[in-house]
Amino acid sequence: MAPPPEPREHVLADGTRIVVRALLPEDRDELRERYVELSPRSRRLRFVSAPVQLSERLLDHLLDVDFDARYAIVARLADEPGTPGVGIARYARRADDPSIAEAAVTVLDGYQGRGIGTILLTRLVEAARTAGITTFVADVMWENHDLLGALRNVGATVVPEEPGIAAVRVDLPPTVEGLRESPLYEVMRTVVAT
Amino acid sequence: MVNDMEPNQTSEAGSGSAVGPALAPLPDTAHLVEPFAAFADEAPDRPIFAVRDGDGFADVTASDFFARVRRVARGLIAAGVQPGDRVALMAGTRLEWVLFDVAILAAGGVTVPIYDTSSAEQIQWIVSDSGAVLLVVENEQMAAEARSVAADMPDCREVLVIDDDAVGELERRAADVADAAVDERVAAIRSDDLATVIYTSGTTGRPKGCVLTHRNLRINVAQSGVAVGPALQPDESGMLFLPLAHVLTKGYVLFAVERKMRCAFATDVTHLAEEFPLARPTIIAAVPRIFEKVFEGARRKAVDDGKGKIFDRAADIATEWSRQRTAGSVSPKLKLQHWLFDKLVYRKIRSAFGGELRFAFSGGGPLGERLTHFFAGIGLDVYEGYGLTETSPTLTINAPGAWKPGTVGRPVAGTEIRIAEDGEILARGPQVFSGYWNNDAATTETFVDGWFRTGDVGELDTEGYLRITGRKKELIVTAAGKNVAPAPLEDRLRADPLVSQAIVIGEGRPFVSALITLDEVALDRWREEHGRGDASLAELVDDADLRADVQRAVDAANGSVSRAESIREFVILPTDLSIEADELTPTLKVRRGVVEKSYASAIDSIYTR
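Taken in sequence, the protein lines are chains A and B.
Once you know that position 40 of the first sequence is 40 in our numbering, the rest is easy, because the numbers rise by one and skip nothing.
Once you know that position 284 of the second sequence is 1284 in our numbering, the rest is easy, because the numbers rise by one and skip nothing.
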């Protein structure tokens, strides 16, 4: 187990302050509740054939993080009472090649398009880079075409997988510092717009 | 009217684009009633159709058929059908389907086909969305379904029942309308007028109506003709057995009539084995399932007779023979083996198709390279093509002299295929529809810079052959060519408290089924209520009471779809989907394909029951 990331505050373009911190066991109930609030489309884009609610077993999996092979962070509203969670991002290394990890980002429907996903994904890439991960992969639904288009623009390979789904593979910038200048950063901004 | 010049297929660097041969445009006065009228006029006594009658098939002559078309058209005019009015038609594949279709067109109307397996919910949606003024159904049962939703189909004035003498009824009403009225309606048809609105399933939401004009459908017949025409004899005959609501079958009938072929109506698909030898077609249009069934049936019979090994050898020889022939030459040894197995095995398989079949169109799903070579090897050339309802349907086709198994062929005449940056197949041509009925948003989404987005992913090789490699739409295509959207079905299943995860299966299969996992908490409660306190999940998956409760969830999900799309069988999985088995990705995305492989034996047992 690697040390979890320390909480950090970010300010969105509209002035909203959010705190990004490690996903913790105490987030279990909130994760269960927030999932139900997601729109069917958001659930589908995240889980493909998405359950109506997260079973205890799925929650076990989602909360099983060691910040090395399985890394997850949450975004919370800093100024609201109880700092409610509004987004979550994670990666999981591939067992067969630990330099490759699968990434996923989810932002509550009402908070999409405000920059939260960009921040989460940026943090995710930084952590992955530091941990020696060179490539992100993801199953992305074709209907998420803005994201796919942006990914292709930075040289990601997009190949058809099962009906409705594309397998995406994108190389991370070689250094954490290079991230902001890299075209991948632009992609992250697009993710949030979708 | 078709410019029969040399094909000038082009393609750049194995991607880019490919263009079909040139095609003469259709005059603006061309329409779909013309070929029927021409058949009746030029060959009045020749059979246009044939229907089962006792031990054989009875012919219907072109002039008789067209006279009936005219009478029914007059009856429809008497029933108030105005030019441009939609008339819905829900029936199995039978003579009356075509009779009504052409009569509706001759009255200036637009045919809205409804699959005969459709649910009341679907009937209601299609009739009300299209604004159909009349609904013609096959039987009393369908009429009852329609009546159950009549209140929500405000434009529909009347339901006519074919089995309750709808044809006779309209012929009687025809007495009030002058014969010339039909001539006026037909003369007024322009090629860009609507001919049909065919509803297709999207990945989510309600089915969308594809609007096809007389030009779209008629030109597609000409396009197919340019490709395969040179291989046709003057006395071909056809057979109909797939749903006419499917545009592939519709296109096939139009092709047959334009070529003045006789088409026999099979009683239904279950009678094919009996009726192929009676009708002895030379050309059919089919979906891959039909070819698979014939292959599997022949093999099973051989195995049962203790000749499984001979059959497998014969199949290998046929496949290899076709491969070598395609490559340029067949070795002398293989020629001899092929000759031998032709006498011993191939002839019998051909007889399953009636013994005369030389030529088949295959569409609606991938046939597979091996099976294509196998059938070619036994003397049946299968020309696989590609297209969608939105494209009338044919965009590309394999053809005599331009045949590459494993691909869906080259663009038909007047058609351009382009591969977009993301791999999506784009198409342009006169057979491409102009949009969805009453759904501008969907229409806008489906075109990019004037190109139709097929939603499929593919590659063009350097000779301009198209290969389908994936699907952007989350759709399952069954072996029968039916598009099924798994997401809404799965959502409905999961709405049941007992169901945790549901995976709908059916790609390339004869029907749709589902793999279901149960919710642990709900299952515990169920155990208590049913006194199965200590039964493990593995013991419960075949429990009749538990299955009955899950069946209720399945029935509820099926209520929204046609029988062809509905879940006919399900398996309760003894374990949840797991990351270890790769059924869930590390971030817990479901992989339908892997789940399907994990439970391959359970799934196979469903389909071999």
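Hints listed in this document are in silico derivations from the structure and should not be mistaken for laboratory results.
Where is the CB? At the ideal position from N, CA and C, for every residue including glycine.
Treat the hints with care, since some could be wrong.
Calculated Cβ distances over 12 Å to all of chain B for the following chain A residues [claimed, not checked]:
(1) D27
(2) V48
(3) A72
(4) A78
(5) T83
(6) A89
(7) Q112
Pair ranges (Cβ atoms, derived) [to be verified]:
(8) B/A1600 with A/P98: 28 to 36 Å
(9) B/G1450 with A/A22: 49 to 57 Å
(10) A/D109 with B/A1495: 15 to 23 Å
(11) A/T157 with B/N1438: 33 to 41 Å
(12) B/V1594 with A/G132: 50 to 58 Å
(13) A/A95 with B/P1332: 31 to 39 Å
(14) B/A1600 with A/G82: 54 to 62 Å
(15) B/P1154 with A/D109: 30 to 38 Å
(16) B/G1450 with A/T157: 47 to 55 Å
(17) B/T1575 with A/G82: 34 to 42 Å
(18) B/A1538 with A/R8: 44 to 52 Å
Covered stretches of chain A (chain B as the covering partner; in silico rule of three or more C-beta atoms under 8 Å from a C-beta of chain B) [unchecked claim]:
(19) 10-23
(20) 149-159
(21) 162-170
Numbers of unmet hints, in rising order: Of the numbered hints given earlier, those the structure breaks are 2, 3, 6, 12, 13, 14, 16 and 19, listed in rising order.
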